[in-house]
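A.B. asks: Below are the chains, spelled out letter by letter.
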Amino acid sequence: MADAEDQEQQHDQEDKPQDSNQPINVKVVTSTGDEVFFKIKRNTKMSKLKGAYAQRVGKDVQTIRFLYDGERLGEDETPASLEMQDGDTIDVMVEQVGGSWL
Amino acid sequence: MVESQSDWTDFQQQRQRVSGLTVDRLKQLIHRLNDECNLTLLRTGKKQELVTRVQDAMDGWYQRQDSRAYRHARDVLTDLSSSGNSVSRRGSLQYLPPAVPATPQVAYSHYSGPNGYGHAPTTSYPYNGRSLQQSSSSPYSVQTPSMQPRSDIRFSASPFYKVIEPVSELATSQEAKDLTERKNLSITFNLTSQQREKLSAPNCSYQLRLYCTSSTHYSTSAFGRANPCPIEFPSTCEVRVNSTLLTANLRGLKKKPGTAPPADLGKTVRLAHSGSNKLDMIFMNNQTPFVPKRFYAVVNFVEVTTVHQIVDRIRKGKYRSAEEILARIKQTNHEDEDIVAGPSSLSLKCPMSYIRIQIPCRSKLCVHAQCFDAESWFSVMEQTTTWLCPVCEKMLLVDDLIVDGYFDSILRATPDSVDDVIMEADGEWHTSDNKYGSEGWKALRRVSLNPSTPARIEMQHDTMPGSGQHLPSPAEIFVIESDDDDDDSQIRHEISPPGRQRSISYPASGSPTRIRSSNQTVIDLTLSDDEISPPPAVRTKRPAVRDVSPSPPLVHPVKRARLDSDARRPDNADWLSPSNFNNHPSAGSAW
Numbered sequence: 001m002a003d004a005e006d007q008e009q010q011h012d013q014e015d016k017p018q019d020s021n022q023p024i025n026v027k028v029v030t031s032t033g034d035e036v037f038f039k040i041k042r043n044t045k046m047s048k049l050k051g052a053y054a055q056r057v058g059k060d061v062q063t064i065r066f067l068y069d070g071e072r073l074g075e076d077e078t079p080a081s082l083e084m085q086d087g088d089t090i091d092v093m094v095e096q097v098g099g100s101w102l
Numbered sequence: 001m002v003e004s005q006s007d008w009t010d011f012q013q014q015r016q017r018v019s020g021l022t023v024d025r026l027k028q029l030i031h032r033l034n035d036e037c038n039l040t041l042l043r044t045g046k047k048q049e050l051v052t053r054v055q056d057a058m059d060g061w062y063q064r065q066d067s068r069a070y071r072h073a074r075d076v077l078t079d080l081s082s083s084g085n086s087v088s089r090r091g092s093l094q095y096l097p098p099a100v101p102a103t104p105q106v107a108y109s110h111y112s113g114p115n116g117y118g119h120a121p122t123t124s125y126p127y128n129g130r131s132l133q134q135s136s137s138s139p140y141s142v143q144t145p146s147m148q149p150r151s152d153i154r155f156s157a158s159p160f161y162k163v164i165e166p167v168s169e170l171a172t173s174q175e176a177k178d179l180t181e182r183k184n185l186s187i188t189f190n191l192t193s194q195q196r197e198k199l200s201a202p203n204c205s206y207q208l209r210l211y212c213t214s215s216t217h218y219s220t221s222a223f224g225r226a227n228p229c230p231i232e233f234p235s236t237c238e239v240r241v242n243s244t245l246l247t248a249n250l251r252g253l254k255k256k257p258g259t260a261p262p263a264d265l266g267k268t269v270r271l272a273h274s275g276s277n278k279l280d281m282i283f284m285n286n287q288t289p290f291v292p293k294r295f296y297a298v299v300n301f302v303e304v305t306t307v308h309q310i311v312d313r314i315r316k317g318k319y320r321s322a323e324e325i326l327a328r329i330k331q332t333n334h335e336d337e338d339i340v341a342g343p344s345s346l347s348l349k350c351p352m353s354y355i356r357i358q359i360p361c362r363s364k365l366c367v368h369a370q371c372f373d374a375e376s377w378f379s380v381m382e383q384t385t386t387w388l389c390p391v392c393e394k395m396l397l398v399d400d401l402i403v404d405g406y407f408d409s410i411l412r413a414t415p416d417s418v419d420d421v422i423m424e425a426d427g428e429w430h431t432s433d434n435k436y437g438s439e440g441w442k443a444l445r446r447v448s449l450n451p452s453t454p455a456r457i458e459m460q461h462d463t464m465p466g467s468g469q470h471l472p473s474p475a476e477i478f479v480i481e482s483d484d485d486d487d488d489s490q491i492r493h494e495i496s497p498p499g500r501q502r503s504i505s506y507p508a509s510g511s512p513t514r515i516r517s518s519n520q521t522v523i524d525l526t527l528s529d530d531e532i533s534p535p536p537a538v539r540t541k542r543p544a545v546r547d548v549s550p551s552p553p554l555v556h557p558v559k560r561a562r563l564d565s566d567a568r569r570p571d572n573a574d575w576l577s578p579s580n581f582n583n584h585p586s587a588g589s590a591w
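Residue numbers (UniProt numbering), protein chains in the order written: chain A, 1 to 102; chain B, 1 to 591.
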């Protein structure tokens, strides 16, 4: 039993997300359920992730919004500042066009 | 040129006046200058951009000492700044044809007048309400110099309708003064015997369609004709042909010109020999904010291309091979050390129609791999001609559309029950349950089972969408999802949730894999293939069954345990129950 544990830990580099700048995997999900996975460093700014995502899906970066835990993400936030865990999900929203104040 | 010298004395003052105009006036100014001085200034942009454009044009005249154009602009300026609504005058008889340079200067004197409302209604608009005969000698060639030859209006090309010839003159409406004013426009047309013959043939591919645009897009000037006009019907509009109300969609999207198809006159047209047809369009330009517009309408004889024909043409002519597309995917997949793009989901359903894509189509300029169904897209575009990509919402050109061979290969490799696949950044793909995958991915999976490449396993494991529950795992955690990685399909389907189909996708790769991965024991091959009695299970404690460990070495003892339970219990219903791992097969305890 102990052997197995040791062995596992040797191979288990991914599972120590607390390391300062260990890359984590995040999932970017649209409202329609389309998913894109990214592996990003923990101090990479969200604006960069957004740019990469926008480029990947062919949308204008201005038209999309990133939400994490329901909160809008700022440009300068990072996975570290948001205390993201490996495998966390970011929701993408499309900017609203039109409408007016009631 | 003595006179022209004095013309320029107030040049700076006039130049300043331009910047004092409101945006609305500036646009009117530019419109008139374009029309009357043969300019090609854009009317879009911020106010300062408009001002700069006009001032640049004025500077140009100054440099060339083009006093005629300048005087004219000055008149227009005076006109605009003094009168509240200069627009109403534009429909007047004195509205000038584009051939401005040849026109005597006197003609412009009209614009310096205080207002233009004084024209008698009978003369104010020559073509309003006039029914136009199809005969080639148009009466307007004499009366109105600004009447255009009929073929000169060009509408935005549509893949569905090819304009063969207009059957009516271009009818023009007057500008409405306000939101509520009703306007009327009528067209009378006769068909030639050839046209009648073509139209009355069974399953003919010809139609009569009403095209309409506004002065926003079309003007009588050379500039106005330079660009094809999008179809724009008035915001409230009723069309009757021979007093039958036309039910065609004339609206398109609100405030988005070019989103309505030309209206099919269909059965309302009299095809009888002598019959002339009368079309009445009654409308209000009640769009807010109010923009005075004239509307231009013409009936065209068009050849129709059906959705099916277009799709067929694209499928035959624009097929891009899977290799070509893959090469592009790999090429665009540039490396950035901060962000590594992982896999993404690719829906096999059309984002518009939500049916499984039959002909995967996208623009060759689109960067996304997601396609839409060509037939669905064209069917929608036939009704609402936005030409927007349903994936990235960019405007597409039909000529850019391609059939994506890579996407097609996925469609062909998966049964209809598969709705989406996971596409790796390098273009390899597989289904989320790993039943189906690209050749490259299958090969990679085999390799990845080799213990010498744990990193690869890690990555692949992490990218599985099903591995959301993947946690840092102590030794006790049992492997479920990660055994997707060891290619043991027989095991995998066992642990799939009930309802998933059983399948053994990679039977060939299973056996060698097992040999390789189980380097501690010597059991597996015979075990899985012959289902003879297994060696004793190595491990007995199995907590946290649904958790996942990405660690390959952990797999071996577990797998061995599973294998033996496997071998004993073909029903597989409850292999997760702890008793199984102790070689006590028991059926019935479903989980």
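One or more hints might be untrue.
Over the 10 Å line for every Cβ pair with chain B, so calculated as not near, a few chain A residues [to be verified]:
hint, residue
1, 25
2, 34
3, 35
4, 37
5, 38
6, 44
7, 49
8, 55
9, 58
10, 68
11, 72
12, 73
13, 80
14, 100
With a straight-line Cα cutoff of 25 Å, these simulated DMTMM-like cross-link-like pairs (lysine to aspartate or glutamate) come out [claimed, not checked]:
hint, chain 1, residue 1, chain 2, residue 2
15, A, 50, B, 338
16, A, 45, A, 91
17, A, 39, B, 420
18, A, 27, B, 312
No wet-lab data here; the hints were simulated from the structure. In this text, a Cβ means the ideal position worked out from N, Cα and C, and glycines have one as well.
A.B. asks: Looking back at the numbered hints, which does the structure fail to meet, lowest number first?
C.D. replies: When the structure is compared with the hints, numbers 1, 2, 3, 4, 5, 6, 7, 8, 9 and 18 turn out to be violated.
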